[in-house]
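Residue numbers (our numbering), protein chains in the order written: chain A, 141 to 532; chain B, 23 to 337.
Hints may contain errors.
Claimed, not checked - Calculated pairs, DSSO-like style, for lysine-lysine (alpha carbon to alpha carbon, straight line, at most 30 Å):
1. B:Lys-44 with B:Lys-224
2. B:Lys-224 with A:Lys-323
3. B:Lys-292 with B:Lys-44
4. A:Lys-528 with A:Lys-325
5. B:Lys-44 with B:Lys-186
6. B:Lys-186 with B:Lys-292
7. A:Lys-528 with B:Lys-292
8. A:Lys-528 with B:Lys-224
To be verified - Beta-carbon label-pair distances, calculated as ranges:
9. B:Gln-32 with A:Thr-511: 53 to 61 Å
10. A:Ala-151 with B:Ser-132: 43 to 51 Å
11. A:Asp-278 with B:Asp-327: 39 to 47 Å
Hints listed in this document are in silico derivations from the structure and should not be mistaken for laboratory results.
Ideal Cβ positions, reconstructed from N, Cα and C, are used throughout, including at glycine.
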Amino acid sequence: VDLRFTESEQAFRAELRSWLAETIPGLPPKPSREDWPARREYDTHWQRLLYDAGYAGINWPTEYGGRGATPTEHLIFLEESERAKAPYVGVNFVGLLHAGPTLIAEATPEQQAAHLPRILRGEEVWCQGFSEPNAGSDLAALRCRAVRDGDDYVINGQKIWTSHAEVADYCELLVRTDPDAPKHKGISWLIVPMDTPGIEIRPLRTLVGSTEFSEVFLTDVRVPVANRVGEENDGWRVTMVTLSFERGTAFVSDVVNSMVMLHDVAEHARKNGRWADDSVRRDVGHLAAELDALWMLIKRNVSEATHNGVPGAGASVFKLRYSELRLRLGDLAVQVLGRGSVAMSDVAGPGSGFLVEDRLNSLSYTIAAGTSQIQRNIVAERILGLPKEAKG
Amino acid sequence: MDFTLSSDQQALREGVREFCNKRYGEDALRGFTAADASLWRDLGDLGVFGLTVPEADGGAGLGMAEAVLAFEELGRALVPGPLVASYLAAGVVEGTLEGAAAVGLVDESSDPLLVEHPDLIASLVVIGADGVHRIDAASVITELVASPMDPLTPVARVVGELPKGNSAGEVDDWRLRGALVTSAYQLGIAHAVTDRSVAYAKEREQFGRTIGSFQAIKHILADMFVRAELARAAVYAAGVTVDDPEVGDPARAVATAKLLADEAALLNTKAAIQVHGGMGFTWEVPLHLFLKRAWVLSTTFGTADEHALALASGV
Chain A
141 VDLRFTESEQ
151 AFRAELRSWL
161 AETIPGLPPK
171 PSREDWPARR
181 EYDTHWQRLL
191 YDAGYAGINW
201 PTEYGGRGAT
211 PTEHLIFLEE
221 SERAKAPYVG
231 VNFVGLLHAG
241 PTLIAEATPE
251 QQAAHLPRIL
261 RGEEVWCQGF
271 SEPNAGSDLA
281 ALRCRAVRDG
291 DDYVINGQKI
301 WTSHAEVADY
311 CELLVRTDPD
321 APKHKGISWL
331 IVPMDTPGIE
341 IRPLRTLVGS
351 TEFSEVFLTD
361 VRVPVANRVG
371 EENDGWRVTM
381 VTLSFERGTA
391 FVSDVVNSMV
401 MLHDVAEHAR
411 KNGRWADDSV
421 RRDVGHLAAE
431 LDALWMLIKR
441 NVSEATHNGV
451 PGAGASVFKL
461 RYSELRLRLG
471 DLAVQVLGRG
481 SVAMSDVAGP
491 GSGFLVEDRL
501 NSLSYTIAAG
511 TSQIQRNIVA
521 ERILGLPKEA
531 KG
Chain B
23 MDFTLSSDQQ
33 ALREGVREFC
43 NKRYGEDALR
53 GFTAADASLW
63 RDLGDLGVFG
73 LTVPEADGGA
83 GLGMAEAVLA
93 FEELGRALVP
103 GPLVASYLAA
113 GVVEGTLEGA
123 AAVGLVDESS
133 DPLLVEHPDL
143 IASLVVIGAD
153 GVHRIDAASV
163 ITELVASPMD
173 PLTPVARVVG
183 ELPKGNSAGE
193 VDDWRLRGAL
203 VTSAYQLGIA
213 HAVTDRSVAY
223 AKEREQFGRT
233 IGSFQAIKHI
243 LADMFVRAEL
253 ARAAVYAAGV
263 TVDDPEVGDP
273 ARAVATAKLL
283 ADEAALLNTK
293 AAIQVHGGMG
303 FTWEVPLHLF
313 LKRAWVLSTT
323 FGTADEHALA
333 LASGV
């Protein structure tokens, strides 16, 4: 166990830090949360800056235009970006972290050439069409149907929880191409241009009040068969391949950001007198310890990925504990703000509105990307080797 | 940066694990075998006490990163005795390094003032406001306490004034290293009871199925594993940080480790008893020994809540 960074890792950090310090002050003001076209403009502009500086696709292989950074460099990149309050990956999330890696692993050279450079330059925004109203935790139960008609697929169905759909150029769409095969064996992965006739987008308001997600309705949407990635009915495997790109760095920004939030909560308590309450300080101390330990767990997962190529099941261990910690951090914030927690604006001093909004937002953390219940099943079955529950 | 064990570290861990299996295995535990002079001599021969004592002084000259691996294994096997005090005193109190003498510890800030393993120890180290002092165990008047909660941790109450002794070290250093190896032992307990519970859940059948196939059981076991893994990350990181303060703040890292390892050991031992059902509540299934040891250790070198309050002041 060695927690020191190598000279080249330190050099990478120093160079990145000075680039961030130079670049971030020149950014335009952040657009409002609900102005999606402006957010696209802002996020893709940032992506172009990263591209020009050689930081786009930090973990993508160099032969596909990425930087080919090691997992540790990727960790440093995310840590420094968060500390410098750099813009988030935002609307580029699906393209850079999911669709792009899938294309790298499974697409034809023509498909790769058409999309990968544009994703890296911030010229192409993707969204994800995976979940459906009746296919959530049980994603493979998806029903959105694609039927061959000559050189096209004709698609009918509905998707849900699609982030950034209004401003996306393409969708990575999972469709059922063989309704008679076992559920994992009848799925295909398609590249769908979002301006294809027959696609209707309805914003889905979350309990926070924002329109982060959409429902997408597809009616007789025609897509060339050439847009399929991988073999017909092999889409489940194609989808899972992306997981092998994960290097244990998925939550780096979140942990750094949570440490800042915990500090903000403590500052509010110091100002409003609740710091005198031992139970508040104990909770702060417990959360501080857990965040430090989670940070170490990230380092362990990244180190394992460096040795083995994959972070292993450590990802589920991390996600489970982190998401539940965020709920407790939010509860503590509300307890500290007291009556000041009834508004998502700064009624209890600078930053109080954000803490309240985040408390509401954090309710999604134990649900999105695998509920805590599914994560516990994964830990129990894949790591501890317990028998699978009988499934329908 | 590399948060994985080196091959030397893995070999050290394997060595201690093998020793524990042979010298204090399942039969010893189920037989409620107490710590004695012979066990102490064998632990001394293994080199546990002198792990971080410089080679010039007869130790192995290793770091805390290695000491935590050894103590994790001792905890996994639930080896009894005044391990932490003897480890801290090795190289300072004569005979301790080799396991010829066992050392007890009292922290003057605790109340009531109790000494563990009064019949085994030759020396007593007192951590007080004015430093760490070593005194002869024979010069202290103690009264054996009836009904110790942990059958393998006998305790005696200190009666009257503690005599003054010779300086044996520095308070902060003893507290820091003591809390760290105690955390490592707790980590071993947390993992041991998880492993035992997983094995039981794979074997025990009810309603025609192994109980480990029920999500209600699975989720308890998953939570146990997650707690132990988080504690492991904290304990290993603290070991490295005490060895090399350039990578972090040793006091913060150790407080984090003790807090999370105490929590993992206490919650996991209780969960293990729940998973074992009625058998978990019996005297013959040794889970209660793990619970009781975790409980005893959670009262030493700062409780989880005390460490939490200390950490909060730095947020």
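Straight-line alpha-carbon gap Lys-224 (chain B) to Lys-323 (chain A), limit 30 Å:
holds, 29 Å
CA of Lys-528 (chain A) to CA of Lys-292 (chain B), is that 30 Å or under?
Answer holds: Lys-528 (chain A) to Lys-292 (chain B) is near 25 Å, not above 30 Å.
Agreement of Lys-186 (chain B) and Lys-292 (chain B) with the hint, judged by alpha carbon distance not exceeding 30 Å
Violated, because 41 Å separates the two Cα atoms, which is more than 30 Å.
Verify the proposed pairing of Lys-44 (chain B) with Lys-186 (chain B), using a straight-line Cα cut of 30 Å.
Violated, at about 40 Å.
When you check the alpha-carbon spacing of Lys-292 (chain B) and Lys-44 (chain B), does it fall within 30 Å?
Between Lys-292 (chain B) and Lys-44 (chain B) the Cα gap is close to 27 Å, so the pair holds against 30 Å.
Distance restraint evaluation - Gln-32 (chain B), Thr-511 (chain A), Cβ atoms, bounds 53 to 61 Å:
Cβ of Gln-32 (chain B) to Cβ of Thr-511 (chain A): about 35 Å, so the range 53 to 61 Å is violated.
Given hint Lys-224 (chain B) paired with Lys-44 (chain B) - CA-CA distance at most 30 Å:
holds, 26 Å
When you take the CB atoms of Asp-278 (chain A) and Asp-327 (chain B), is the distance between them in 39 to 47 Å?
For Asp-327 (chain B) against Asp-278 (chain A), whose Cβ atoms are near 42 Å apart, the range 39 to 47 Å holds.
Would the pair Lys-528 (chain A) and Lys-224 (chain B) pass a check requiring their Cα atoms to be no farther apart than 30 Å?
Distance of about 11 Å is within 30 Å: holds.
Verify the CB-CB distance for Ala-151 (chain A) and Ser-132 (chain B) against the hinted window 43 to 51 Å.
For Ala-151 (chain A) and Ser-132 (chain B) the Cβ distance comes to about 49 Å; the hint holds.
For Lys-528 (chain A) and Lys-325 (chain A), compute the direct alpha-carbon distance and say whether it is at most 30 Å.
holds, 20 Å
In this structure, the earlier hints numbered 5, 6 and 9 are contradicted, and the remaining ones agree with it.
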